[in-house]
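Undergrad: Residue strings, one per chain:
Protein chains: 2
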Amino acid sequence: MAITILKGAIVSARSLGKLDITEKGYLVAENGVITGVFPVLPEHYAGAPVEDFGDALILQSFADLHLHAPQYPMLGMGMDLPLLDWLNAYAFPTEARFADPDYARTIYRELAHELISHGTTRVCMFSSLHTDATLILMDELEKAGVTGFVGKVNMDRNNAPGVLEETTEESKQETLRWLEACQDFTHVKPMLTPRFTPSCTDELMAFLGKLAAERDLPVQSHLSENSAEIAWVRQLHPDCRQYWETYAKYGLWNDRTVMAHCVWSDERERKAMRDAGVTVVHCADSNQNICSGVAPVRVMLNEGLKVALGSDIAGGDHLDMFDVVASAIRASKARRMMDGWQTDFLTVPEGWYLGTSAGAAYFGEQPGFAPGNPLHAIVLADDRLPQPHPLTPAERLERCVYRRQPGAVRAVWSDGRKVFSAE
Amino acid sequence: MAITILKGAIVSARSLGKLDITEKGYLVAENGVITGVFPVLPEHYAGAPVEDFGDALILQSFADLHLHAPQYPMLGMGMDLPLLDWLNAYAFPTEARFADPDYARTIYRELAHELISHGTTRVCMFSSLHTDATLILMDELEKAGVTGFVGKVNMDRNNAPGVLEETTEESKQETLRWLEACQDFTHVKPMLTPRFTPSCTDELMAFLGKLAAERDLPVQSHLSENSAEIAWVRQLHPDCRQYWETYAKYGLWNDRTVMAHCVWSDERERKAMRDAGVTVVHCADSNQNICSGVAPVRVMLNEGLKVALGSDIAGGDHLDMFDVVASAIRASKARRMMDGWQTDFLTVPEGWYLGTSAGAAYFGEQPGFAPGNPLHAIVLADDRLPQPHPLTPAERLERCVYRRQPGAVRAVWSDGRKVFSAE
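Chains as they are written, first to last, in the numbering used here: chain A, 6 to 428; chain B, 6 to 428.
Check each hint, because a few of them may be wrong.
Any copy will do: because identical chains look the same in the list, a pair fits if it lies in one copy or spans two.
Capping the alpha-carbon separation at 25 Å, the derived lysine to aspartate or glutamate pairs in DMTMM-like fashion look like this [stated by the list, open to error]:
#1 K23 x D85
#2 K276 x D189
#3 K423 x D344
#4 K423 x D328
#5 K423 x D107
#6 K423 x D144
#7 K311 x D85
#8 K12 x D189
#9 K29 x E400
#10 K276 x D387
#11 K12 x E400
#12 K276 x E185
#13 K215 x E179
#14 K12 x E219
Calculated from the structure, these hints are not laboratory results. Quick caveat, the model's predicted, so the values are computed rather than measured.
Bound conformation, chain A alone (with noise of 0.2 Å):
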């Protein structure tokens, strides 16, 4: 049996808001699966070898729940546009360069190497339309330790003919080709990607409906992110009150599908969501980068609904979930002042669980380190900082969240398995 012992400054977060601290503890893994944190180490892994961290967090690893790989290389481009322009002018163009396999191969390792030195362990990501490129992806991450979803994009219409298209038949063949491929990997499983609904026919829509039945597979895609988005839905399925029931009426949405942005999702909406055990990806930055609101996170939360965080990155501008749990806490500030002063902001340990373990439970995970959990964990260095005074690990904690220290990851655990090492 290999056992996995982690000495260090331990910080989780337990519930929203609330942080489990153990100094100088003991986090332990038994086969990949944590079995506990302890203040002393308990008399029988006495002997086990223990890799003494010294003063540094461990932490868990973050759960990026939506972004878009093949956008990376536009990182930080195009935010003077609103949505439906940049997509467009830039993401389109952008997506429709993985035609090429090698142009994929080449970014799509630098993706998933910032992914996990940055300390992201889990993801559910969309790739492009493109099936080789796609699998190129989930091979890249596989083999860098990332683990989650992917998935192949649908999008038969109101595409970018000639740029980035693909018809019907197409497809279908190329998700059924994709899916079968996928069975290759063990860390990286598909997810089915209607991009959003204007992006798809009805009878693809049904097709995929009928797949994630046949199959049990999940589903992300994109709901209520802006108003012009959301009015063109309408436009289109005249017979769906609302955004969320051009996914339902497929069969599109249960409690394994996924739905970024929720920006404009109302309390009837969010009461859908609710009931079907929908998770809400929130995306500060895209949201605010392109205009399209703040969503409503704290009345999300305090109506019970399942809420993860995503860089969505390239409307988001920040791979680094760090800087996305900054940017949730700052959104909320935002949307507090919108609100005129009447919804609590979200908090530093209220970010923090957000882009941990909310993400985590996506994934079937309890919250924080809890037994049983597979180990995903960051150790994290941040003895190059002036000290103002002797910091708590919740004061440090916070001033990671907020201040970028490059190298400051030492080392990444990923389901189990020790994936980085800045040795």
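Knowing the structure of chain A, use the given hints to seat chain B on it.
TA: Just chain B now, with coordinates in the frame of chain A:
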């Protein structure tokens, strides 16, 4: 005569929203003063040495018009607290440590280096109330090549008894002692710095106003940052209709006055700023972090106010002005949403102007790389980033605003001197 010639992709902010771009251009200075930007090197410079930076961007360096040097050690901390609690729990105890000159020397040397290596060459900066530490700060800035203004802080009431306090008499005497010693510096000059109205007795304010007039000294302070603060000022100065009048009545309100924040300045207060020629420093990160609000920057610009940017560390959590520009842009999008989509957000070229030319104007410069300006410039390499398509210099600038690139600043000039080189 010393001639400096820099070759590269030259981008500068000529006016709000308008970039001047000269690819493979020559930026020329004689004795540290810019003579022009040329697509072809003029004949009479033939033979002079050219520093050829290839395809790298050559940009104006930044002006950071509001930051608190002694809060540098607590960067990114206490962000869950509102302004007045945050001052007592974090800012005052942290500043108090600068009674120790050795501590000041260590921290300020690091701060000065971080400013220069990230391309900030002009500042208006708060020190603490400590005269000796303030002189050490000015010395370290001078040595590193940072130019501009620094103020010993005056705060003789409502301070932190036993932690950070000075009597009225001490404040006066120390200010005079400090001003005497400031004559040793060439590029860093003194600026009178009443912390904010609640921190200064009427007697001290009157003293500072008299000093400003007698010695022709500029003034910096805080204005209308937070609604609790504004209510407090009203209580303290029942004779003043608005916050700004508490500065104006003591002669601290003129065209060399710099006022940070102005989040809640209404039309009347804004008119008072415009009429007097006061410079507003917008500190987007700080205002959002400690839930002060989002300043109406677009309205101020439309009304013809002078507006520049400040990192406001450590209410702000980013010292790097690339981030500060991005934050100002993002905040303007939040403000747009708060204004019912009625005000335009700041575009990237507009944000860039505010972080460079608008701040430089306070120091008497013309916008962009105008002939007659002292040479303040940074060379920025972005060749490690992937290219989604062949990028224009404007697109490259946008990406550099949004993306963190450790080590991307290759060289910095400040007032004609090369003060940083990554080699």
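Undergrad: Of the hints given before, which are not true for this structure?
TA: Result: hints 2, 3, 5, 8, 10, 12 and 14 break, sorted rising.
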